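With chain X held as given, fit chain H onto it using these hints.
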Amino acid sequence: MLWRHEIRVIALFLLAFGLHQAGIFVLGINSFFGWLLSLMYVVVTLIAILFIKGQRSRFSQHGFLLPGGVGRYLAVAVFFGFVYVFIIIFLPGAISGFDALPGALLSLDTFLTGGSIVLASIASETVFRGYVQTEVEADHGFYIALIVVSSMFALYMLPVTTYFAGDLTGILRGLLPLLAESVFLCAFFKESKTLLCPIAFTATVEMLKVFTPLEALTGDYTLPFMIVTYIVLIPVMQSFVGDVRQQDERLDSTPVPDSEEDDAT
Amino acid sequence: MWALAASAALLCVFVVLVYSPLSEGQNEADASFVAAKYNTKVHSYSSEVWNFTVHNANCFGNDGGEAQFSFNIYLDGSLWFDEYNGTVHRTWPCGVGKTVSHAYLKFWPETQPFTHDLRVELYWFYNGTSRLEDTLSFRTSVAVPVSLQHIIPTSYLAVYLMACALLLTYDYVASLAE
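Residue numbers (the numbering used here), protein chains in the order written: chain X, 8 to 272; chain H, 977 to 1154.
Just so you know, the hints here were simulated from the structure itself, not pulled from any lab data. Everything numeric in this text was worked out from a predicted model, so none of it was measured. Some clues are possibly wrong.
To be verified - In silico DSBU-like cross-links for lysine-lysine, where the CA-CA straight-line distance does not exceed 30 Å:
# : chain 1 : residue 1 : chain 2 : residue 2
1 : X       : K216      : X       : K197
2 : X       : K200      : H       : K1082
3 : H       : K1013     : H       : K1082
4 : H       : K1013     : H       : K1074
5 : X       : K197      : X       : K60
6 : X       : K216      : X       : K200
7 : H       : K1082     : X       : K216
8 : H       : K1074     : X       : K216
9 : X       : K60       : X       : K200
In isolation and in its complexed conformation, chain X is listed as follows (with noise of 0.2 Å):
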């Protein structure tokens, strides 16, 4: 059928927007309802599951893989979520000043906080990254798929209520990192071939975010300096990440010597 794997997409798309703006509206009202968003974040991501399997493709082409040498996939996620946090915070921070906030205490709060971000991570990365990417890559190149996923990502991650207030200017200022964001991701993800390295990513960077009380006073420049990280992380992390790849192809490359095929079987 003529535009089915658009059409899947869309309906993806949609149904993952409008559960993650319900969860975030619901707990705008009450943060009673917390533990909602994270059951949300679940349904968002078996929905997606769902629907990759309806496309009766393998997992592993939707990034459902753990690579050889996946610690050091893991590692080079968790590093670059380091880099990105401490180029934004500290760097400015260390010209203009920082605010120091409250610190994040343990309790049991600070787990259920932790548990939703990584939940979070898995829901987008498997819709946009797995799902998404992979569709339109499949169909329309990669460049196509760029700018469709970044696009249907900054609109799934801006709050709803940033749309209804109405100012075009909020909603921009909103926009814009979401996307240099999703630029990364999805050149992190066509880089290592699983979604290990984003998920990891993107719930480092989170959970760095909250759980570091320091705000850099960068008033207005904020934004560009966020896009520009971004796009200067890129090809520091596909050497990175390309490197790691390389390492991991030629061990599986390397033939296997008699005596251990002998064993073997």
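Then chain H, alone, in the frame of chain X:
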């Protein structure tokens, strides 16, 4: 199909919970908060103006005229501002169907970062008794401006640098091992 069913079910749960009696601010009060302006982040040694807007749907005065209201404001569970007992004007009027706004000034004298839980209670005075009509809760974090030399940024900077160094070391050692 399953995806659609799951989404529809979850949306129904959202709607039921939002409009259930458990959710705050959905009570059948005769007077209630309709808007509030406050900052979720303030700076130490700064002042902040809170602006609360109340709508009187069905509260009358003793003589059938304008109803009299006042606020109690609790800071971290303790009564911080008692409008009735702590001010000269004690109460303020609001007619049925009318909406009024009142502004209050708060100075934050903290020298350390701190998160405060605030609760504002709206009382209606009728026949010598006060009746709680609505409550509003919010959280405000007091931020302290510091430079890089201060202990908080320095300690976090050290943690970040150590974490980056450890991750790079792990990556290097793992690449040698493979």
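These are the hints, each one checked on the structure:
For the suggested pair K216(X) and K197(X), the alpha carbons sit about 25 Å apart, so the restraint of at most 30 Å is met. At most 30 Å may separate the alpha-carbon atoms for a hinted pair to count; K200(X) and K1082(H) exceed this at roughly 53 Å. For a cut-off of 30 Å, the pair hint linking K1013(H) to K1082(H) stands: about 13 Å separates their Cα positions. Restraint check for K1013(H) and K1074(H): satisfied, since their Cα atoms lie roughly 19 Å apart, inside the 30 Å limit.
Of the pairs offered as hints, the one joining K197(X) and K60(X) holds, with about 21 Å between alpha carbons and a cut-off of 30 Å not exceeded. Only pairs whose Cα atoms come within 30 Å are accepted, and K216(X) paired with K200(X) is accepted, the gap being roughly 26 Å. For the suggested pair K1082(H) and K216(X), the alpha carbons sit about 28 Å apart, so the restraint of at most 30 Å is met. Only pairs whose Cα atoms come within 30 Å are accepted, and K1074(H) paired with K216(X) is rejected, the gap being roughly 43 Å.
Proximity of K60(X) to K200(X) is assessed by CA-CA distance (about 18 Å); at most 30 Å being required, the pair is judged to hold.
Checked against the numbered hints above, the structure breaks hints 2 and 8 and satisfies the rest.
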